[in-house]
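Visitor: Letter by letter, the chains look like this.
Protein chains: 2
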Amino acid sequence: MSMRRTITGFSNPTVKYLRSLRDKKHRRREGRFLAEGLRLLTDARECGTLPETLVMAENRDPHPLLSELERAVEQAGGEIIETTPDILAKITGKDNPQAIAGIFTEFDTSLDRLDRDSAAIWLVAQALRDPGNLGTMLRTGDAVGAGGLILIDDCADPFSVEAVRASMGAIFTQSVAQAKWEDFHTWLRAGKGQLVAASLRDARPYRGAPYQAPCFVMVGNESQGLPESYEMACDLRVTMPMRGRADSLNAAVAGAVLAYEVLDNLDKP
Amino acid sequence: MSMRRTITGFSNPTVKYLRSLRDKKHRRREGRFLAEGLRLLTDARECGTLPETLVMAENRDPHPLLSELERAVEQAGGEIIETTPDILAKITGKDNPQAIAGIFTEFDTSLDRLDRDSAAIWLVAQALRDPGNLGTMLRTGDAVGAGGLILIDDCADPFSVEAVRASMGAIFTQSVAQAKWEDFHTWLRAGKGQLVAASLRDARPYRGAPYQAPCFVMVGNESQGLPESYEMACDLRVTMPMRGRADSLNAAVAGAVLAYEVLDNLDKP
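Quick mapping for you: the protein sequence lines, in order, are chains A and B. Numbering-wise (my numbering), the first sequence opens with residue 1 and increments by one. Numbering-wise (my numbering), the second sequence opens with residue 1 and increments by one.
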């Protein structure tokens, strides 16, 4: 049985609840996160993930993908909330009467959930602070066929609205794990796995380096880079050409350039 | 002769002026833009670009790089404004008493200023809407030794605070040009230059494709990609592996993966 209801008051507790999910503390407490936009929600549906609640404006324009989504949520026994464009704008922070939002259940992000043998490439981010970078890494992971993204130390929240948006749906296809460095390192060394980082320390050229599956491609914090001890714990340190005055790339860019190089090398017979 | 003055009132016209530079319309009218942070301003100085005005908090902690910057601005006859942490926070939008901001003169972004023979790689962005992506492309351009970034059609403003920040100083080293597609295309065809785009249409694998200098690497709008006619006007269309469910990468990531591939190929004898 699905529920369908209409909310017309700004002070409705459900409006407050939905708004609260923009905040990490509330997401964690509720175990829920928001994803916005028909495209993202359709991506989720196509990956087999439905929102438990769908929020949309009354009198919105019809759209075949929206109808499909509504039907799927109803069939799954989810809740559909219709509201005014004003209230929807308050929830999503966007002045778009076509806006649509879904509430999803956060998934388990413990390391133990990962099957390292299920993919040849894994992305690892250490203290990545920008949710856009984090979402972009998820998107890159999907593109290179990575198994997932492992978040080390104090990273941005993968369930934030910005990270979910930047992932372009990859939050619904890529595994995500969160761990302290020590725990990750212990887990990694308990099985097969090559840890690789872009580094300036004792590094070899990234092109054609001896990558091995499962290859864990690690990037560091946006301003500090990786701690030296983390780099030294890597099996392989590689360096990309830097022809300008800067000595680093954007973290998500560095991860992608490296991941594509790994992909090409592992594909070779 | 340099000027040094102290501002203590929120309603001071200079405070309003500085705040107004966060807005594109005002930047264009004044021909000025803001860059924030000691690191960015030091990057600018090291590239030979000084702010005409430096704004910082009274009673800030001393820092050798800040002293050098102050001295350089003074010697160049620039203006130094000291203000309260509160006012500085209002100007920069950041609650950081160590904040520092500089006002710079916008530079000419006409195509005619570019010397295509000065570099083997150029980046081209079409209708790129995200200033963070734009800044990231500037940063990547610096790293691959590109000549600059050419902005086609209606792109985000390269002089916005967000783009300048994401460029990590590359706004001061990379050339930037802005042009309509037709004008860019006419300019390009009036000389040597290979136009390359990541595409799904009639494309060959990006690895080892026959890149030629000067190579113009073009990426399209974040949600629409490149218009088909623009892709068809390219000399070379290439495709990157997409192993997941998505068929595209983040625009700045796609540009970087492609630019590094071009760099490697052009470097080969």
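No lab work stands behind these hints, which were simulated from the structure alone. The C-beta atom is built at its ideal place from N, Cα and C for all residues, glycine as well. Do not rely on the hints blindly, as some may be mistaken.
Chain B is faced by these chain A residues, among others (derived, beta-carbon under 8 Å) [what the hints assert, rightly or not]: (1) C47; (2) R139; (3) G145; (4) A170; (5) T173; (6) R207; (7) P210; (8) M232; (9) C234; (10) L236; (11) R237; (12) M240; (13) P241; (14) L249; (15) A256.
Visitor: Which of the listed hints are not met by the structure?
Guide: Failing hints, ascending: 7, 8, 9, 10, 11.
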